[in-house]
Amino acid sequence: MKSEFINGGGTGGGSALPYSVFSCQLSYSGGGQPPNHIVLQNTIGFTMSITRDSTGVYTCTLSQALDLSKATFYVGNTWSTSPDVIWCGIKVINSTSFQISNQANNTPIKQDGLFLRTLLEIKQYT
Amino acid sequence: MKAEFFNGAGGGGSVVPNPKVYQSVLTQSGVGDAPTEVVLRNDFGSAMSFTWSYLGVGDYKATGIYNFIQTPSILDKIVFFSSNMGFQPFRFMSLSFIFTNPPPTLKDIRIVQEVAGGGRINTLVNTRFEIRIYN
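Chains as they are written, first to last, in this note's numbering: chain Z, 1 to 126; chain B, 1 to 135.
In isolation and in its complexed conformation, chain B is listed as follows (with noise of 0.2 Å):
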């Protein structure tokens, strides 16, 4: 495991990362297909992890475990966010995050994904998707 962002304040025992990292590579491309997924870094352990689903043209869902409602809220110390691109030939492309449960249970994630100038469409490749959580 890499140790981005560990904190090792203190002296010499266990690092806690700050943030604590959820990061993965997605691939996609045929119609109906769901996302696949592999685990590069996970510090939430078995607490974190996401079942793929295609629901349309661009459009994913990651069915999870972790709900990120937690008491007190931790929603403004996360972050989600991917790398843009993987797209061939090159185009500009850009997704954005939609929580699907109401409160108190954010545990879904629908990803909506387009190409400049061109809408929605089904491509992911070697696409960057990562949560962070911080302290």
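Isolated chain Z, as found in the complex (with noise of 0.2 Å):
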């Protein structure tokens, strides 16, 4: 078995990790308002604040500067309340702040209140 990703965080064996990750869940928190992201996994230590840019377009701000050069985003899949496919997107703004935005069924038009459960992971490789 390779152990590509083994967490030797203790005493005991292991191989370091390849990367430090940081994975929280995004939900829609109301009206006009940023979504409350819930913290799921953090081993690059810093902190994330989220604004609402606009309709469906927020910025995330992190306490410290990434490598961008040996990055990874990821956001989605998002769950859905009705019959609706939601899409998600990212665009990198620069070492310490990034977009994230939705849309419903096709449409495009931005739309708050779509984030649901919705996985945000960045990777920092080493």
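Treat the hints loosely; a few may be bogus.
The calculated DSS-like cross-link candidates involving lysine-lysine, where the alpha carbons are at most 30 Å apart (straight line), are [as the list claims (entries may be wrong)]:
| id | chain 1 | residue 1 | chain 2 | residue 2 |
| --- | --- | --- | --- | --- |
| 1 | Z | 91 | Z | 110 |
| 2 | B | 61 | B | 20 |
| 3 | B | 77 | Z | 91 |
| 4 | B | 61 | Z | 70 |
| 5 | Z | 70 | B | 20 |
| 6 | Z | 70 | Z | 91 |
| 7 | Z | 123 | B | 20 |
Since the hints were made in silico from the structure, they are not lab data. As the structure is a computational prediction, the values presented were derived from the model and not from experiment.
Reassemble the complex: the two chains are provided individually, in unrelated frames, and hints are given to aid placement.
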């Protein structure tokens, strides 16, 4: 077995992770507000804040800079409360901020209120 | 089994996966055909499995046995995601998840998918389906 991602965080064996990870769950918090985020795993160690730029567009700001040459970002998929398909997108601005957005059902109109138990994950490789 | 995200805190004993992961690959193409699933990893063992069925174009149901509402609730520690890909010829695709049972029995999951500019579509090709539950 290749233990590619073993975290030997204790005193025992195990290999070092090839990356640090920040994972959180995004859910909409109410009209005109940015989504809430619940941190699920954070071995990078930064904190993140989210502000609402416009309808369905939010900026995430990190408390410390990433090395963008070795960082990956992922957002999606979103739960739906009706049989709508939600599209999620992400746009990196710089080493400490990026935007996330979403829309529904092939309608190219961004909307608030669509993130629901959505995974947002950043991996910083060493 | 691949030990992705295992947390080896402690000292050389058994490791507890964090998160616990259910990961499979879905394939579907024809009208009326249920998705076929190949399970790649299942840290939940016999407590989690799904039976897939076809509801309509781009609309599928996974009838499960694991109740995602636990006591206390674990809904804020769960993420579901997929690869939004696998459609040929290449077009952008997305899918979303919907619980089909009313609480407190959240076992069955509906998946709806669509292709950019084209609406609902029947096509899952080596599409990753993953559930993570964090400690």
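Exercise. Tell me, which hint numbers fail for this structure?
Worked result: Violated hint (a single one): 4; every other hint is consistent with the structure.
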